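2 protein chains.
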Amino acid sequence: MRWIRFTVDGQTSYGSLDGDTVTQVTGEPWAEPQPTGKTFKLDAVKLEVPVVPKTFYCAGINYATHIREMAAKRGVEPQFPARADIGYRANNALVAHGENVVIPADAPPKINYEGELVVVIGKQAKHLTEANAFSCVFGYTIGNDVSERTWQRGDRTFWRGKNTDTFKPMGPYIQTEVDLDAMETVVRVNGREDLRFKTNDMIFGIAHYIAEMTKYLTLYPGDVIWMGTDGTSPDLVHGDVVEVELTGLGVLRNPFVRATA
Amino acid sequence: MRWIRFTVDGQTSYGSLDGDTVTQVTGEPWAEPQPTGKTFKLDAVKLEVPVVPKTFYCAGINYATHIREMAAKRGVEPQFPARADIGYRANNALVAHGENVVIPADAPPKINYEGELVVVIGKQAKHLTEANAFSCVFGYTIGNDVSERTWQRGDRTFWRGKNTDTFKPMGPYIQTEVDLDAMETVVRVNGREDLRFKTNDMIFGIAHYIAEMTKYLTLYPGDVIWMGTDGTSPDLVHGDVVEVELTGLGVLRNPFVRATA
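Order-wise, the sequence lines are chains A and B.
First residue of the first sequence? That's 1 in the working numbering, and the numbers climb one at a time after it.
First residue of the second sequence? That's 1 in the working numbering, and the numbers climb one at a time after it.
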């Protein structure tokens, strides 16, 4: 099943998506949604980010090639993570499918994409095991963890390098059933394929992350976990359009523009 | 004016607090709240955290003595922050005044308090200057940035060291007017004063942080900025009770208990 969050006539709600027909519901799709009786055509609604999480989790480094290539770019030895220590991103930076990523006028030029699988939590969960970790997962969507590498390396935190407004595109929809092992992540820049990798080829998988995290923290419905990315991105410039496609999850497409002052 | 968030008869809402009388309102105090006509005695309601922020900001290191004493404990040179790079904490960890801080059974023993001034945002804001930064501030409350130092230093992120469930007490209320320059932070452990410092003696002040942050990010109503702490804490153990008092903001009091399994 496929869910979108959308705005029509100034009201934001969820709806199930079947072909190009949106069936509006009240409440959230993981909380016994009720049909309102209204349907819309997909092209008649404004897509929103599929959820604004209570806590926005992000694995960061979680694929081997990404770690090797990023280290090579910086001329340092690759450092593989010893444990599944989860990181964070910030809600201010979220934008929907189709919206602009706005590069600040004073940002250095190392603007990179990172195409990521996003896990959407549907049930409150603590002390899960790898065997039952997926019981709290509602579905999946796509994230683009846009990063400015000079700020990422030079600042004490990721506040500008990762969490500048518009640096976290997420969408277009939440899919409840996927085949993780068959899934591929494909990133296109201006229509040309730039990167392709097996989505589930993670250093620490989804079940392991959820089991580790829930030893110490409670996951809540609507929380998201961005699972990291493989490979590396070229430096993006004003006018570039980045599409992140994941098998079964559609395409997350965002133009990049540089602010003029 | 003083605002609390509270639950009574299973319903959570805001109310203004005058003496020990709570006047319930609909909506949030920064968004044209309307009285419901109901009042309660303070001791008849359950206090909640004053706000669950959209984004939970935290300055981290922002006082000179804290930096010097923490460096001395670790046997390293003190490192003062070059710029006001804001950090983050996570909503899962929030607990209210009076609630237990639960130390996980397997946590190392370096459990510390950090008594902090919390700025509560009331208006959406971007591109503020130091001169008009306070225009987005609704009020102030108290935070205790509980930390386990072994995890904080050894993990790749602050996920366990700072964001374990219950490690972020906040409250008891939001006060809209304060005298920042007269304010003192006092921390008591088991009723005995352990630390006292001038709250506004920050390396980077509130106006500077807000001006820097809003160059790149939008602040939203309900966002909070925890401003950091001075001094250092003893290692806390099961049964300790920590009170953080800030002049004009009351006392945030939380028992610490260690889980048994």
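Warning: the hint list may mix true and false statements.
All copies of an identical chain are treated as equivalent in the list; a pair is satisfied when it fits inside any one copy or across any two copies.
Distance condition first, Cα-Cα at most 25 Å in a straight line; then the derived BS3-like pairs of lysine-lysine [stated by the list, open to error]:
| no. | residue 1 | residue 2 |
| --- | --- | --- |
| 1 | Lys123 | Lys73 |
| 2 | Lys215 | Lys123 |
| 3 | Lys198 | Lys73 |
| 4 | Lys126 | Lys198 |
| 5 | Lys110 | Lys215 |
| 6 | Lys41 | Lys198 |
| 7 | Lys46 | Lys110 |
| 8 | Lys126 | Lys38 |
| 9 | Lys126 | Lys46 |
| 10 | Lys198 | Lys46 |
| 11 | Lys126 | Lys73 |
| 12 | Lys110 | Lys38 |
| 13 | Lys198 | Lys38 |
| 14 | Lys198 | Lys123 |
| 15 | Lys215 | Lys198 |
Bear in mind the hints are in silico, worked out from the structure with no lab data behind them.
Since the structure is predicted, the reported quantities are computational estimates derived from the model, not experimental observations.
Hint by hint, here is what the structure shows:
no.: 1; hint: Lys123 to Lys73; in the structure: neither (40 Å within a copy, 42 Å between copies)
no.: 2; hint: Lys215 to Lys123; in the structure: within (16 Å within a copy, 36 Å between copies)
no.: 3; hint: Lys198 to Lys73; in the structure: within (22 Å within a copy, 45 Å between copies)
no.: 4; hint: Lys126 to Lys198; in the structure: neither (29 Å within a copy, 39 Å between copies)
no.: 5; hint: Lys110 to Lys215; in the structure: between (37 Å within a copy, 19 Å between copies)
no.: 6; hint: Lys41 to Lys198; in the structure: neither (33 Å within a copy, 59 Å between copies)
no.: 7; hint: Lys46 to Lys110; in the structure: neither (31 Å within a copy, 49 Å between copies)
no.: 8; hint: Lys126 to Lys38; in the structure: neither (37 Å within a copy, 37 Å between copies)
no.: 9; hint: Lys126 to Lys46; in the structure: between (35 Å within a copy, 24 Å between copies)
no.: 10; hint: Lys198 to Lys46; in the structure: neither (31 Å within a copy, 49 Å between copies)
no.: 11; hint: Lys126 to Lys73; in the structure: neither (39 Å within a copy, 34 Å between copies)
no.: 12; hint: Lys110 to Lys38; in the structure: neither (45 Å within a copy, 56 Å between copies)
no.: 13; hint: Lys198 to Lys38; in the structure: neither (39 Å within a copy, 58 Å between copies)
no.: 14; hint: Lys198 to Lys123; in the structure: neither (27 Å within a copy, 43 Å between copies)
no.: 15; hint: Lys215 to Lys198; in the structure: neither (28 Å within a copy, 37 Å between copies)
Violated hints, in rising order: 1, 4, 6, 7, 8, 10, 11, 12, 13, 14, 15; the structure is consistent with all others.
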